[in-house]
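Going line by line, the protein sequences match chains A, B and C.
Under the numbering used here, the first sequence has 109 at position 109, and the numbering climbs by one with no breaks.
Under the numbering used here, the second sequence has 104 at position 104, and the numbering climbs by one with no breaks.
Under the numbering used here, the third sequence has 37 at position 37, and the numbering climbs by one with no breaks.
A hint or two may mislead.
Cross-link-like lysine-lysine pairs, in silico, DSSO-like; alpha carbons within 27 Å at most [unchecked claim]:
no.	chain 1	residue 1	chain 2	residue 2
1	B	386	B	326
2	B	435	C	50
3	A	128	B	629
4	B	693	B	854
5	B	346	B	499
6	B	326	B	17
Stretches of chain B that chain A covers, calculated by requiring three or more beta carbons in the stretch to come under 8 Å of a beta carbon on chain A [as the list claims (entries may be wrong)]:
no.	segment
7	29-39
8	82-88
9	161-168
10	277-290
11	647-653
In case anyone wonders, no lab produced these hints; they're calculated from the structure.
C-beta atoms are modelled at their ideal positions from N, C-alpha and C, and glycine is treated no differently.
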Amino acid sequence: MVDLVTHASPMARHVLRGRPAALEAAQGALGFALPRQACRAASKGDVHALWLGPDEWLILSGVSDGLAERLEDAMGAHPHALVEVSDRQIGLVISGAEAEAVLSVGCPLDLGLDAFPVGMCTRTVLAKAEIGLWRTGPNTFHLEVWRSFEAYVRQFLAAAAVVPA
Amino acid sequence: MSKTLRTPAGGSVNRVKTIKFSFDGKTYQGLEGDTLASALLANGIRVMGRSFKYHRARGVLGAGSEEPNALVAVRRDKARIAPNLRATQVELYDGLVAESQNRWPSLNFDVGAVLSLLSPFIPAGFYYKTFMWPKSAWDKLYEPNIRAAAGLGHAPTEADPDSYLNRFAHCEVLIIGAGPAGLAAALAASEGGERVILVDEQCELGGSLLSATDAVIDGQSGRAWRDAVVAKLAANPKVTLMTRANAFGYFAHNMIGVAERLSEHQASPAKGAPRERLWQIRAREVVLATGAIERPLVFPDNDRPGIILADSARTYLNRYGVLPGKRVVVATGHDEAYRAALDLHKAGVTIAAIADARPNPKGPLVEAARAAGLPIKTGYAITGTKGTLGVAEARLSPILGAGRVGPPEIVACDSVLMSGGFTPSVHLFSQSRGKVVWDETLETYLPGASAEAERSAGACRGQFGLAKALADGFAAGSDAARLTVKRDFVVQATEGDPKGVVGALPHDRGNGAKAFIDWQNDVTTKDLKLAVREGFQSIEHIKRYTTTGMATDQGKTSNLNALGVISDALDRPIPQIGLTTFRMPYTPVTFGVLAGMARGDLFDPVRTTPIHDWAVEQGAVFEDVSLWKRARFFPQGREDMEAAVRRECLAVRSHCGIFDASTLGKIEVVGPDAAEFMNRFYINAWTKLGVGKCRYGIVCREDGFVTDDGVVGRMSQDRFHVTTTTGGAPRVLAMMEDYLQTEWPDLDVWLTSTTEQFAVIALQGPKARDILSGLVEGIDLSPEALAHMSLVEGKICGVPTRLFRVSFTGELGFEINVPSQHGRKVWEAIWAAGQPHGLVPYGTETMHVLRAEKGFIIVGQETDGTATPDDVGLTWAVGKAKPDYVGKRSLARPAMAAPDRKQLVGLLTKDPHIVLEEGAQVVLTPGQKAPMALVGHVTSSYHSAVLGRSIALAMVSGGRARIGETVYIPMPGSDIAVDVTSPVFYDPEGVRVNG
Amino acid sequence: MLLITCPHCGPRPELEFTHGGEAHIARPENPAAMNAEDWTEYLYMRANPKGLHAERWRHLHGCARFFNALRDTTTDQFVATYATGQPRPDLKGAGQ
């Protein structure tokens, strides 16, 4: 189970909120349309936009790639909020045939591929921690975990990976 | 009695694998596949428990989870003792150690059995009636003694060393019960390719098919059909089969709680192997195929060991190869007992008599018994038994009508089989909030309209018999999966009349004879009749008064008979008496499985800051603040807390201290309407706060009471950096979102938690500026450029920072926000730079003392949810010109300005060495007797090193007007005289923040 | 555990939600102009019906939005969920 959970590569994180005009403008800087369907992610290259709420996205991108500045420039005076949260949370990747089952030890969502397809993302809970959960492959999930909850989440997943005899 | 009741062949036990186990210290042998109950029976052990109230010797009554008598404790070691397990469900393993319960000194000689002789004096409601007077005796005499005598089994005294797992699961169709109906339902439901979960409490799927001998389904024996179906289901990846899984609770919206036993049945579980797992299964549709439980007959002395339910006896014979006895009397009001009699007859058991309470039983099973030459007495009731520690003879009497019986015949026997018919298991249906309805034909309660997306199938809804169960189960599975699959099962099985008898059989015995209704709680017909005579009419009341149906078996074998007896006593039909609601758990579950993984290190998340490890390395002592670990103090050498705090306090006042404030809640308020939002939410005014300036903000709830506070900095025209208390962070953000989303959705402003984006390093003390000066880039720290309550963005140690000049100590102070990943690096750089300046780390305890010396409140310590800003001396913070803010209207209520409100004051003890106790009360005059006239309470109290004396903060009625007065703190033995003072004890002019 | 249909995210487990009390109690436009009785009514008085109840929920560990729901307090069945600001659905004959 040592390899089940790994750290995601370092990335910049921003929470994007705003009125429609700002979101339109942001898409230009992003280079792709913000996903408008609930709980879906959209990506281009190493830039990802994860729908978190009807006017809320988590933007993941390369470290120091200047995306935030470009987004601010693009949105200008259109009402919006762009807040950096790169250090608020850490990314974990849980991968393997047993990933879905291990997450289901603490996550009450239906994680079957039909109910939670590749590309779906949402905030949810894992036992007593809130997590961001993003399915990046049939057997791979990306977790966003608040920094101080990482130890708990990793310990929980390790305990959850115990397979009864 | 012969020692071995094991048949020479038959059953599904493994005849070549013997298993050694012990019961009450004696070693026995069983076979692989046995339960503890079947192995004990095979060894001729009939007494397996003592009853709860009268300590009567009891044998096994059933063969499954309904067992009320054979409750045992299974012990692996001192910490692993599981009490109150049904021996019928305990799977035998090598070395199993089981003990009987509720007896002393031994099972066969139990001193407590004298209670049975006293039983005329222990009627229903005995405790309510007896232990009323004198009132004072309750605490000291009655309750301790009743408690000592009460309870069933003993919990282990050591912590549970085992681990437990949790699991959420989802499926389209969940089927509970894997008897013929459940298996057929799974066959149908799995044809649509959707997810199907089939759970069963037994160690094998199959239910009644596991003990069937004569049934033929689609040309195969029942057992072979079962094997084929299970194999087919197991091969389907969409189907999950669960055994040893107790579906104990039906929760709202088709959430089913299932407790799965994982290693309980293993002789030597692997080290660390989880013991049980709690499943929370959400199903689109549920099929309840929970079967039916055989009803005992109610007759005098019906609880002797050796008296067993007829169908259970069949299970012991056909599944485990164990005979209930060698010479058996069958007492019945139902056809199924004939099936048991025929099977036992075939196995060589003498059927001494079949006493059928029905005048004229008919049907194939009865005819088969006749054809086999079994002695059948129709219109006969069993009216008593005799025997020491087990039945030795039965009394059979002809029923004459009108509740009378004729002279009895005495029939010698070593076992009595009984059957009153079968009661559908509607427990889970009832838990789902479905209402049961009375069926006149079957004389039983059946599931009525569904409250959830579920349907019952098979015997649990009165569809008795193998053919009906299969057909009904398949239809239910098809329906649940939204399919229209059809299948006709070709079934050869002898089916009887489903109707049985309910309530007590007639008898001619005196009042002394006990006819048990509820074996586990020792409730007799007499108790129920007494309750009715005393005026109880509602089943809800009778149940609680007599405790019938309230034991751990929840009346699985007793409820319907109880209703029958009450119905007779009240002369009212059963449906007018009603039925109590079934509660979870269906069968008892352990605390361990409910706690699941939330224990030990995983009980709660332990949140630590980026600087935590440094504090650990320095030997800090930590305290819990909400989920956070915060360094409380940093002892040096052998310092205790008092000494460390004294040293840390003085160091901050004289030189400088460094403090980890990372846990403070932080919220980024961003958008063109940010200032407007802040104006509406906080009591303070924000419009005029300049960019780069800070303000101490206070949040009230709509009722006007202070709920949080913290420094807010204005980063730009449209961006505020808000801080909250450590514990208040989620609450304040939720409250902000509430107002923003639901009251002011038109405001162009958004909120983002940044609590963990930043590590926050507080540097407090006269040397703070000197320490920082060499570390910052592009930041002018001079008082002119960075005045108290202002902020600047720049770099420190090469990383971006939001540098606040603020003070919670009264000293020159800075709070350095840096991205969390750099927190420790920056901390260590400051730490190094501070060495020449006498820098010390300090913890939350010192922080508390330093702020108390300055009269700064802590929300939740000085305030308790009923303090206004004015009560705690913060009127100055209110934006008085604002037309509105959260709490403003409430603060205008007359009571909020009453002069006798509790107000924040300082208290100085006349004796400077006395440190008051926090929470102590304040009175105006000494020497009062309780109840005293209390005028306030101490909220904070410390020894102040810099002042060389104790200080305290208190909330005192009309306190500000009492400054200068002497009041008293009543303590055991004495009243402590204190002077009421201003809450600001140190540097009242506030010059020290300027360094 | 309830299964609650978030108007944005669809059916989700109760563990992700917080309850927000009775719905459709708007904060008065001008609290200062209100007399004590009316203010008390707004601040403290809440319905506690047996049957359909309009209540607020927040999908805290999801989209984090507040929304309203009509729930039957006797059966726990949700009849409707709808976005904050929308009127209570007229459901004649539903529930109760």
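Hints not upheld, ascending by number:
Result: hints 7, 8 and 11 break, sorted rising.
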